[in-house]
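Asker: Going line by line, the protein sequences match chains E and V.
For the first sequence, the tail end lands on 552 under the numbering used here, and the numbers increase by one without skipping.
For the second sequence, the tail end lands on 332 under the numbering used here, and the numbers increase by one without skipping.
Hints were generated in silico from the structure; no laboratory data involved.
Errors might be hidden in some of the hints.
[As the list claims (entries may be wrong)] Taking CB as the label site, the calculated pair distances span:
1. V:V86 <-> E:V436: 48 to 56 angstroms
2. V:E217 <-> E:V436: 49 to 57 angstroms
3. E:F518 <-> V:F213: 44 to 52 angstroms
4. V:P276 <-> E:V500: 46 to 54 angstroms
[As the list claims (entries may be wrong)] Chain V is nowhere near these chain E residues, computed Cβ spacing over 12 angstroms in every case:
5. S435
6. T505
7. L525
Even glycine gets a Cβ: it sits at the ideal position worked out from N, Cα and C.
The chain contents come next:
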Amino acid sequence: MAPRIQIDPNSSVPAVRQIADSLRTLLVEGQLLAGAELPSVRRVAMELGVHFNTVAEAYRQLAAEGWLDQKHGRGAVVLARTAPAEVESGRMQDFRQRLRSLVAQMRSEGVSPGRIAIELKVILGGLEK
Amino acid sequence: MTTILIYAQFAVLGVIFLLLPNITRRGLLFAVPVAADFRDTQQARRAIGKFRLAVAIALAVGLLGIATLTTFGGSVVMTIALCVATSVAYYKANRFVAPFAVKSAGMRSIELSETPERLPRFVWLAVGPFVLLLAAAVYLNLHWAQIPLRFPVHFGPDGTADRWAERSIKGVYGPLFFGAELCFWFVLCAFASWFGARRTSLRFIMLEIMIAVAFGMSSLFAAIALQPLLAIPIWVLAAFPLCLTILLVAFAIKKSGDPSGPAEKTPDECWKGGVVYYNPNDPVVFVERRMGFGYTMNFANPWSWALLGGLVVVLASTPLVLA
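Take these sequences, add in the hints, and give me the full structure.
Answerer: Below, the structure written as structure tokens:
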């Protein structure tokens, strides 16, 4: 089954971030391999019901991160990307803060710490495959 | 026979209006997204009952009006009155059901498949209507001498001719030109609905319907053009679009009851009165309609206006191509 990206139009998270995050997850988890062609900006925009510029911006962000090679007037191709050797300490702090916010939100909505730990292990297990 | 057809056309229109709550997905009622089992509730039955009562009264008054006025203009006035009464009843039903609306927009997704999608094979049938019109033109050309010098082109409600055309290029081939223009517009819309709508099963159905309608129209205009030679009874020509409409409505009701495939997710706030879709952020030209079956245009998309402009051009060309 081909991988899918999805967005929630009712979410407070901007559509451009939802698309970029969704694609990045597929890329990191290896569901989209190097050489895979992504659909055109036009097609993704039409299916998701968002403006062309929103999808183009998400593709641009991932191209800037080294994940995609954008083709003019067409879709994008997944690149064989080597992860950066070291993450800057400031960036790491930013990630930690985002993780803390997410965990806090999960706790406030009734998810137990044990369940959060299981979910994190499942995600990490998927990345190590 | 023509008088009976006028009554029949009016009655069929009324029946279509009465069936409007059925010609839509179960998740929609009077263009309001509702829970699938809402139709079985007392409120839903009350809304449908009130709507049908209003339409039935308008239909009965209209039939009486046509019988009293006995002119073609009278039937036109009564048809407009029926449409207005139905619109008012529909709007009232929409407002009545609105408090029971459920949030329709959920997650939207796209499969990142590499395989490009191709047009269905049956799309070649879109050439058919033009071949039919061309064949009629060739037949008329071969039998030119047999065409009367003056022949009727318009008939009153009692079936008597009230407008005539002469045997000229415009008089003989005019209906074929006009039919070709209309068919071209329909085929253009069929392709626009394929490339300008989201990939759902409705796209296939609409492509089939629009090509079928183009076939129906080309048959009608070919028959009108051949009328001076073949003397096709006028009631046959008048009954043809009526039969085509009945077939299309029956098809729409059948397809609306098909539970396969979820309804297209469009933001509720972009629907004006549940009928007009206006979403500048949505790049599609056609979206699944909430009232009735099929597609409606996204009026925030310039291509929608270009297509409507095309229809205006076709209709405006009537005095140029028809005698």
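Asker: Of the numbered hints stated previously, which ones are contradicted by the structure, given in increasing order?
Answerer: Hints 2, 4 contradicted; others consistent.
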